[in-house]
Structure formats: C-alpha cells, structure tokens
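Assemble chains B and C onto chain A, guided by the hints.
Protein chains in written order, with the numbering used here: chain A, 17 to 504; chain B, 5 to 90; chain C, 62 to 665.
Simulated from the structure, these hints should not be mistaken for lab results. Note that the structure is a prediction, hence the values are computed from the model and not measured. Heads up, the beta-carbon is just placed ideally off N, CA and C, and yes, glycines get one too. Zero decoy hints are in this set.
From chain C, some residues computed to sit far from chain A (all C-beta separations above 10 Å): (1) Gly81; (2) Leu85; (3) His157; (4) Tyr527; (5) Ala659.
For the chain C half of the interface with chain B, some residues (derived, Cβ under 7 Å), not all of them: (6) Leu338; (7) Gly463; (8) Gly540; (9) Phe541.
For reference, the chains in residue letters:
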Amino acid sequence: MTEIPVLTAMTFLPLVGAVAILLFRSERTARWIALGMSLATLAVSLPLYRYFDKGSSDLQFVEHAVWLKDWNIAYQMGVDGISLPFIFLAAVLTVLCVSVSWTAVRTRVPEFYAALLLAETAMIGLFAAANLFLFFIFWELMVVPLFLLIGVWGGPARVHAAVKFLLFTLAGSVLMLVAMITLYSEFGTLDFKELVGQKMGIELQGWLFVAFLAAFAVKVPMFPVHTWLPDAHTEAPTAGSVILAGVLLKMGAYGFLRVSLPILPDAVQMFVTPMLVLSVVAIVYGAYVTLMQTDVKRLIAYSSVSHMGFVTLGIFTLNSRGVEGAILQMINHGIISAALFLCVGMIYERTHTREIKDYGGLAKVAPVYSTFLALFCLAAAGFPGLNSFVGEFLIIGGAFETNTWLGGMAVWGVALGTTYLVWLFYRMVMGDVNPGLEGLKLELGVREIATLAPLAFVAVYLGVYPDCVLSYLHETVDALLVAGGTAS
Amino acid sequence: MKFLERQLEDPVRVARIKRWFYIGLAVVAVAEIGLPLIVHGDHHFSFEGWPAFGSLYGLASCVAIIVVSKLLGKVWLMRREDYYDS
Amino acid sequence: MTLELVSLEWMHPGLLLILGAWVLPLLKGRAKSAAMVLLPAAALAICVRLSLAPDTYGVSLLGHKLPFVFRVDKLSLIFSYVFSIMAVLGMIYSLHVKDDAQHVSALTYAGGALGVTFAGDFLSLYVFWELMAMSSVLLIWLRRDPAAVAAGFRYLLVHVFGGLVLLAGIVLHCSAKGSFEFESLGAFPAEDDWSVILPWCLILAAVMLNAAVPPLGAWLPDAYPEATVTGAVFMTAFTTKSAVYVLIRGFAVPGGTELIVWLGAAMAIYGVVFAVLENDARRLLAYHIISQVGYMVCAVGIGSDLAVNGASAHAFAHILYKALLFMGAGAVLQVTGLRKLNEMGGLYKTMPITLGLYMIGAFAISAVPLFSGFVSKSMIVAAAGEDKRQWIFLMLTLASAGTFLHTGLKLPYYMFFGKDSGARGHEPPRNMLVAMGLAAAACVLIGVFPGVLYDQLPRAVDYHPYSVGHVTASLGMLGFTALGFFLLLKQLDPEPKISLDTDWFYRKGSSAVVSVIRGPLVRLESGWVGEIYELVIRWPVLGVARLLRRLDTGIVDYAVMSVGRLTQAFSRILKTTVSGNVQHYGLLMAAGVLVLLALATIAL
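Bound-form chain A, shown alone (with noise of 0.2 Å):
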C-alpha cells in the first residue's frame, strides 16, 4: 500500500479536468484546461518508473480500498511491468492529441475536450485495475468517449462508422460480462491474483477463453472481426485516429496477457494454434489489403490490423521472447500509429482530402514534414537501429522457436509492410508537386513540430536502447509465462 495514491490520483485527474471542462463551458479554457490536466497525469506518473521495482514480478504501487464488501470486490489498483509501459503510452498520448486537436476542432470543444479526457480516465484506470471488475468498469467505460469523438466529430461517415464500432465492441463486451459472471459464482473472487492459481477443468476454461476472445479480439482486432477497425479509424478526427490506434487495440492484447494467459492456462494450450494461425492471416491479409488502398488514414489502419497480427503472434508463441517481442511492439506501435496519424491528421489540416493521388511532391514543399514522414515510414517498416526493429526481431525470433513456418510468414509480413510503406511514402512525397496542393501552405508549424518531436525521439531511442522499456517487462514475462505453465 503506498503512501501516496499515484494511480489513483492518475485514473482520475483526467475525470476532474472534464468536469471542469463542463463547468466552465468556454472554448479557450476548455484547450488549457485539457493541456494542463493531461501535462499535470504524465507529471504524476513519473514516480512510477522511477522507483519501479524492475526485480520483483508482483504488483507494484498497490491501492486498495474497501469498496464492495459484501460482494468481495475492492477498489484495488496496482501496475506490474507488463502494464506500466502501456500507462506511460496512455498518458503520453493524451497530450499529443490535445496538441493536435487544438486547431482541428472547432464545434462544440469542451465537449471534444471532456469526452478525451474521459477517455484517458478509462485508458489509465483499464491498465492500472488489479481485478476484473475494475477491468470491465473501465472497458465500458472507454467505449463511450470514443463512440462520441468518432461519431460528433468525424468525417462523413462517422455515425455509421461510429455504430459499427459501438456494436461490434458490446458484443463482445456481454460475453466478456457473462464470464466474468461465471468466474464470481465458480470462485467469488474478482481478483487477478487470486484468480491465477484456481484450477478449474478444461472445458470451464474453454468456454471461458472463448468468451473473452470475443472481447479480446474484437479489440485487437484479429481476423476476422477487424471490420470495425478502418470505419472507425478513417472517421475519427486525428485524436480519436491516434487514442484508437495507439492504446486501444493494445488493451485487447493487454486483455490477453492479463487474463486469458494466466488464468486458463490449459486453454490457451489448446488454442494456441488457431490462435498462431489467425495472428499470420492478420499479418499478411491485412499487409495484402493495405497494399491496395488509396485512403491515407484507411492506408494506415489496415496496416494497424496487421501489426497487431505480430501482436498477437508473439503473445501465442508462449515463449519469453515472443511475449516481450509482443508487449515491445505494442509500445512501439502505439508511438509509431499515433505518428503516422498525426503526420496524416495535419497535412489533412490543411488539404481536407485523404486520398492518396491528391498528394505527391511533398519534400519539395514541407521538407521538415518530410523528414518525419520519413523516419516514421522507416520505424514502421522495421528499419534497425529505429524502434520497431527490436520488436519485431524478437517476435520473429519467438515465432521460429515455435514453428519455423510462423517464422517465415512473419518475415514475409515484415517485408509487405515495408512494400506499403515505401510506396506510401514514394507517392506522397517524392515526384513533382501535384497541382491540387498549389498555393497550400503545407509546412509544419511550431506546435506540430513540438508535437511529433517527442514521438521521433522515443522511436529513435527505443531503437538504439530497447533495454529500457525491456528491462521492466523480463520478471513479470517470467512469472506471467510460469503461471502459465509454459516457461521458456
């Protein structure tokens, strides 16, 4: 129990600024207030890692709080390795998008800024929740911030793409209810820890799996429920792209690593393999399938669909490898995803289109946005000595320890990303000028650069120095993947 309630104060100093927002109703301090309130979370985070007990593989900055008693559910918070790099991602993001929201959106703002801050509550409090109860509060609780930010202000189909998000996450959420259900009649206890030594019989455990691997993977997303996945990406303003993309595809594989590896052991041993083989059709499918589009952000969303095939895949591999491989691409891709949106979301800013033909010449107009699409693109595609390198490298190192097939697909996804990349990349910046961008001032301006700077920085730093996101993942990994019954 520590002294200072630090994930506390986090989860919910972002609800405070809402409210604030509300009260206040004025467009100006609603911008400042969003700023100050999601600056003043990262500020409070940073205890975190610094006195983070990289040793120890329990959870750390415990709060507990006797809240439900007669029902045997606390108020209880705790991070351990596997969740605080997410945190740090969460908090970190949330910035950037009041960053770049602050010129984009224009109607109803502190609406807009509210619904964000919302968001960061349930992203924060999801990640820090040491039982289910809290787990599902907070999975609710994010869907409805994001339904509003893609369906007040998105693109032209946001309400449909806005529903269709909306349905495909409640279905999989009920059945996620129901298990959760079922777990508190077999063993009246809510509590990871506890959860994680109950033996329970297979077929328990399958059903289990299969109810939360609807949840799970309607959030990843994996194949074949990914549908939802470039409606709601392409519609969603920038910050809506960038929290998507960035931390809540990662919550269904956190859902993974926090539920489903631990807690139905026997069950994920037997469906490692269907799992291992809609993780490769993600990768490659969803590489095929972003080859061919002409929406910059729909370009990229397909490309989130099979990043997270890698994802996934080095979680299934059930090696310490694959899963911190895994759990190191997902950080990654959040920074590089929420980048890419960004680069998109402020030349949209500034063009209002997303199709790919309207643009070409870029480095000769908007060197400076050049040069980050640039090191963007290179990050994403796996390029060494840039973040993405280690992860992959890791997962496909995972992946040939289990099966050298794996392996090779996950080399071959590896390959198409960097075809997508490159020819993205070939088409909007390199060549001549195209006509429909005269006279659009396209460089990028002081606050733009002081957003995406940080995320170039990480993306390098990570590269060179991987260890320090690692370092904390190495205990917990063991200790999640001997709870599991499959140490490497």
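Relative to chain A, chains B and C alone:
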C-alpha cells in the same frame, strides 16, 4: 587532340596503323608459339600447351560471344525501349 | 578486449563516415570540400592504424556493453583499405556537386560498407547491410528524373526483400548456434537437417542478391545507369564488394562448394553476353560488374588459398578500375548529356584526356600486362587451373575475352571514335580528372608492382603473374580478340533497344499481383468479410430493433392508447349526463335512488 585527329582522319595514316596492328598480331602469335618451346612454364591443362592457344581461343571466344549474344537478342531478349512503360 | 565506440583515441571508421557526413551540410566552400576528402582519408588512416593490432574486439557505448563484435584481420583490412580509398576518390570526383544530400548519402553508404567489413557478429552486419541499401537508393533518387525515381523504388524493394531473407537466415542460424558470432558457415551442410540447411541457403541467397548473382542480380543493370553521375561511381564499389567480402568470410572453404563455383563462372559469362546487346554505356559497364564479380564468386567457390587471395585481390583491383570506367562514362554523360552508344561517337577530338584515362581502366579490366587486372584476375584463373577445373578455366578465359571486347574495344570505339555523331564535349571539371587520374595511377601501380597488393592479401602468397607463358598467352588472346572485333564490327553496331533480364518477373509480374489484390482480395474484404458485419450483426440487431419498435407501437403502445381511448369514450358518455337539463338530473337522481334501494334489498 590534334595529334589523334591527324592520325585517324587521314586514310593513309589509318592504313598504316592497321598494318602495324597486323604486324603486331603476327609477332605475338609467333612469340606465343615459339617462346614456350624455349622457356618452360608449367601448364595446368594439356590444351594450354597447344601452339598459340591463347590467340586462337581469344579469337574463337570473341566470335562466339558476338554470335551467340546477337542470336539470343534477336530471337528472344531484345525489345523496344518503352517495353516496360505501362 | 573491448573498444569504446566513440572515444578520443579511436572511432569506428564506418561510424566516422556515417556521423561525420552530417557535418557537411553545415560547412561551406573550401571547408566543405576539404571535409569531403578528409573524412574518408581519416577513415583510411584509422584502418591503417588498426592493422597494427589485428584482433576481435567487443564494443561498448558509454560503459554499456553492446552485443556487437569488431573484427580486424587481414581479410577485413584489405577490404577496408580499398573501401576507404574508393570513398576518397569518389568524394574528389563529387567535389563539384552542389547537392549536399548526395554527399551525405554517399558517405553513409561508404560507412555502411566499412561497418559490414569489420562486423564480427551478425547483428551489426545486418544493421550496416540495411543502412547501405537505404543510403544507396538515395543516390538513385537524387537524380530527380521519373525514370530514376521508378528505378530507385524497384532497387529499394529488391534490397529490402534481400535484407529480410538475410534476417530470416540470421535468426534461424543464430537460434541454432546459440550465438550471434559471424563465423564461416562452411560448405553446404552435410546433415539432412532443415534447421541447418535453411539458414545456410537463406544467408547465401541474400548475399548473392547483393553480389548480383543471376537470377537475383537484375537490379544492378536496372538501377546503376539511373543513378546520378557521381552516385553511380560509389555504387559500383560498395554493395557488390561487401557482399563478396561476406561470401569470402562465410562461404569460402578449402574443399570448395560446387554450386558457388559454377554460379560464379556462369555469372562471368552472363554479364559478358548481355553486354553485347547493350546500348546504354553505363548499363554495359554494369553488366561487366556482374561479369567481374562472377570471377570473385567463382573463386569463393573454389576455396583454396590462392582462390581466396585471388578474390580479394580482384575485388581490390576491380573497385579501382571499375570506378575509373564509370567516372569516364559519367564524365561523358555529364558533359554531353549522352548515355546511349548509338548517339555518341567522335568524342576523341574534344575529350582526349578522358579517353586516355578511360583506356587505362579498360586495359586494367581486360587484364593487359602491366595493369592491375592482369595480376589479380589471373590469380583466380590460376586457382581454377590448380584445382583441375578445365571447364571453369575455359569459361573464365572466355569471359576475359568478352570483357576486353566490350570495355576495351566496343565502348571506347563507339563512345570516342567511330562514326562521328557530331557530339562535341569538353574535358570535365578538374576534380573529376584528378579522381580519374589517381585511380588510373593506382591501376598502373598495382600492375607494375603487384607485391604492394600481394602483401595485403589474407592468405600466404606464392604466385608470380609475370611468367613468359602467361604474358604471351594474354597478349595473344587480347590481340586476336581485337582482330575478331574489327572483323565483326558491323555486327556490333548498337541499336536503340533494351534487353530483358530476370527483373521481367517482378516488373511484369507485379502488375499481375496488383490485379489480384485489387480484384479478388479487395472484393473479399469489402464484400464478404466486411459484409459479415452487415449480415451477422447489423441486420439482425437492427431487424430485431425494428421488430421491437413495431411491437412497441403496435401492441404496447396500442394497449396504452386503447386504455386512453376507452377513458375518453367513457368520459364522452359521462359528458352527456351533464346536459344542464333539470329533468334529466331529476330522472337520473330517481334512477340512482331506485338502484341503491334494490341493492340494499339484495344485500340484506
């Protein structure tokens, strides 16, 4: 600059160059046949010892390459310059 | 022993170039020119200093031990020397170029090659390998011509693909061996174990792709002619020769590897055959790179000490004379704008110095005695002889004839002599001539004093190129090749056409793949997979919702409304009773009293 031009533009001079070239070839051929008889080098293969092997093989190679390549080109590989532009 | 990666006493020569390149955009004028030449010269100096302490070093950065290994031995040193020298010559040649991006790319590229050379572990090898691919593609793209942009894109894709094959091979190999050490992979694995055979094949395939071994080599003649004038000079040296280095290090074994020998010999002839058909001057020279690298690959396959020495020596000499040839052709391109042979001719009148220097390079590549090719190529041919491989010997000699035919005869004839096309040039800028002159001097120097080169060779040398028989045989071969050239001159006239190479498969093939993806796959995604949402979720959910709404309005609502309507009807009836008519009230009251009395009677 002018020197080369003078040499090559004048047909008489060009004929003289050609004559020296043929003489040179003859000298080399003779040397090739004759010298190994005097100075014994070690050969890896038997055919290296055939008289004027280098010269004859050089001529044969040259002709073979030109003929075969041109044939391949005409029959199969040569296309218009804009073949790949779609 | 561990070396600190960036320290005052020592710095990785490759990193010096890669990081130092970024200084260039900040400088101007004389300072920039000086830096351009000094950086690679400094790298060369470091290499020379390293030769004093050959060892395998660990590497650390700021106290953290990195998983990289830095290996200095005779093999890596000889390649590092020639790469640094080449970088110096290339930068001198590029002094006149105003485009900083080209200079940064070129130095990064050279630095990457040095990195590959000194890599003692597979990780750093891979990193520098990819870095080379990325920086060299810029040298193509910076020509800023649509054809160049397209060619560069193809180049990049091919090399990314090759890089990934390498990565897969490395991952498999290192998992099997348990370490990242870059050691010899040996001959083709004898055990019938896929986990050993597969990485061997993958790594070999990836290295061969970079060495431009057919059928994986079509990228070279596709991309090199499209690069910038100065960029192409760099490109001829680094990608292919660093691949040769990796081949020597990884695959040259004493017993030899049949597959590699035959591939190399076939490669040597392949380049020469295709060169006959070429009309573009630089593409012809590019095919000759394939041919010469074929000699080196063949030597790796033979694997004996003489062969390995030959491969190293030939790589050394080749870098220098090939650069000289490309510098010459590049100078012509720069000055006249011409690249097609059928458009050139008669340039000897206006570019005699270029011609002269070019011819030195041509004599070097043709292995004319007293030039560098003579002392290096013959080592390889002699190694084939010592290994009693007749057919290889004959094939390599045939390719030699072909080399002289194209580079020494055809190219200069159509470029400088021949039918006067009316093209007029002038001598190129002085820095280009200086670079060419230095390269030419090196070619002659090595030819006249082969010992200078032989001392640097990795294995013990017991070879003497200047034997009577050898010299006369060479002269004979060259002379009679020239005879053949003049006899068949008419046949060789260049035509404005292109020839197909194995890149046909991915150039024509890619449009087939694209149509598959664009057609069926996209239809699958948007049609079936996307529509599943419609069928399974949206339609039922909304359908149920619609049903319930009808239920709502139809029944529930109807019931509620009916109650309301009944009430309304009742109240209407009641309203009639309140008519304001006293008789009615009286009647009603009487009726009411009677009813009450009746009820009371019944109850009692």
